[in-house]
Amino acid sequence: MNASSKGLNVKTRRVISYVVLVIVTIMCLFWFYVLFVNSTRSHADLTKGFSALPSSNALKNVNSLLHSSNIPILSGLFNSVVVAAFTALLSTYFSTMTAYAIHAYEFKLKKFMFTFILGIMMIPTQVTALGFIQLMRKMHLMNSFIPLIIPAIAAPAVFFYMKQYMESTLPLELLEAARIDGAGEFRTFNQIALPLMKPAIAVQAIFSFVGSWNNYFTPALILTDDNKKTLPILIATLRSADYLKFDMGQVYMMITFSILPVIIVYLILSKNIVSGLAVGAVKG
Amino acid sequence: MAKKKSGTVLRYNRWGYIFLIPFVVVFIIFQLIPLISTIYNSFFEHYFKNGLTEVGPTFIGIQNYATLFSSGDLPKYLGNTMIMWIIGFIPQILLSLLLGAWFSDPSLRLKHQQFFKTVIYLPNLIMASAFAMLFFTLFSDGGPINSLLMQLGILSEPYKFLSHAGSARSLVGFMNFLMWFGNTTILLLAGMLGIDTSLYEAAEVDGATSTQVFFKITLPLLRPILVYVMVTSLIGGLQMYDVPQILTNGQGNPARTTMTLIMYLNKHLYSKNYGLGGALSVILFIVTGILSVIVFRMNQASEK
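Quick mapping for you: the protein sequence lines, in order, are chains A and B.
All letters in the first sequence, in the order written, are residues 57 to 340 by my numbering.
All letters in the second sequence, in the order written, are residues 457 to 760 by my numbering.
Just chain A, with the same shape it has in the complex (with noise of 0.2 Å):
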């Protein structure tokens, strides 16, 4: 009698955590189909209002997009795409070293430098742009990649997300066979202690290419010419200029080449991110 009433307990619970769940979704997901469908309707039809349906005009949008004069849209992508990638590999090779460091050696400031690291991470960059930026123009490095490369080289989030890797996959034992074999400290890192960490790597690597991709702040205070803009930049003018002279259809595929790259890259990966996540999360 008991047992039973318990048990439709659990059922109704079951199917309000399912309806709950099937809202959610609609609502995270709700947005970008109306992206998706608008982006495939012409100028024309978009002003007549909301669609449901795809149209077939998305072929004539991505062409006009592509040829558009005012929106750089090619060097914008390549752009993007450069500074990403090079603040993916920068970040997480670095890192890895730092943490590395931390790991495998004795040393006086050790702990001193572990403290100071996990201090600094949560400094924001906005509140240093002001210096960063007067230094930039000193260096003749505004509209250069470099100030929005170089320093994912210090980044102490992927810094602590190695360390803590390595604690649980990178016996010191390990390192020590490799030095008994003649092998040189630089030589390990890179031959032994890189490889094992490909798992970590590959999780981190998506972030920063991501964070990178979808940075704005620091990139717009940088890149001011046309042809150095990444997407956020040429996403931000489309929006400052006379929004109402432009082909509709063309700004939402606009959007869409913004933010489809990385919801391909996520729907493939999204196993090892969402348990990667999960994985940072215990230890944080």
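Just so you know, these hints were derived from the structure itself, not from any lab.
Since we're looking at a predicted model, the values are computed, not measured.
Errors might be hidden in some of the hints.
[Said to hold, decoys possible] Capping the alpha-carbon separation at 27 Å, the derived lysine-lysine pairs in DSS-like fashion look like this:
| hint | chain 1 | residue 1 | chain 2 | residue 2 |
| --- | --- | --- | --- | --- |
| 1 | B | 567 | A | 327 |
| 2 | A | 301 | B | 567 |
| 3 | B | 616 | B | 723 |
Given the coordinates of chain A, assemble chain B onto it according to the supplied hints.
What follows is chain B alone, placed relative to chain A:
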């Protein structure tokens, strides 16, 4: 032999410093020097009149800080930022707690958890500026949302979402909620899965309902993670920029009610008002610094 060994160990350990060089050098050049020069700038009057004539730099002590507070701009924009953060944070924490509790409840045996987690985390990875541009077009006066609501007969004429303080702030808050609740759910879920299951079994034996279990066991044990989530979200909230900037084209419309602190800072950076911009940066640095110390202490405590 022994002597040789300790010598080599010392030689090895020198590599600890060598491997730290890239991090330290990059940190000093791209973060420390800019930070120091930002602080230095905050004590000088230095700006460009009408964008052309350079004024200063003249040392004026803490005059810039006084100006920020007395002009009323700083309190106003801090207020805006906090209001929009709260609008996003409250539904975020409630929904995350609910979803976390369901995902971690073994008696519910929810299927397709991976799918739902993937979906709720998705908005977090979307380019905030593109997302804001999308919302701007969707919620514009003649946009799809208005036409949908009119087709459904909910509205008789378009509602100007971006012309009312309440709806504009709610849109920003809603977007922040949408972008961050998946992340918060996964954090809280990890915490909930870490709770000793024997506590739940004991409660079940005692005949506790799932609501009682949630409020009497899960929530109290989750307190440290909740505080962590709240403080890190607050730090993130203070940095709110991309969404309101793009949504309102940097104007903070209507009547600067959606202007955040970082949008204000950005204005000074563009107009090259180094003095006021510097002072504002320093204030933000101190506030996030205090909040970070809280997070840092909590992490230290949880490691022990």
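Against the structure, the hints come out as follows:
A C-alpha spacing of about 15 Å is found between residue 567(B) and residue 327(A), which places the hinted pair at or below 27 Å, so the restraint holds. Of the supplied pair hints, the one linking residue 301(A) and residue 567(B) is violated, its CA atoms being roughly 48 Å apart against a limit of 27 Å. Restraint check: the Cα-Cα separation between residue 616(B) and residue 723(B) comes to about 26 Å, which is no more than 27 Å; the hinted pair holds.
In the structure shown, a violation is registered for the earlier hint numbered 2 alone.
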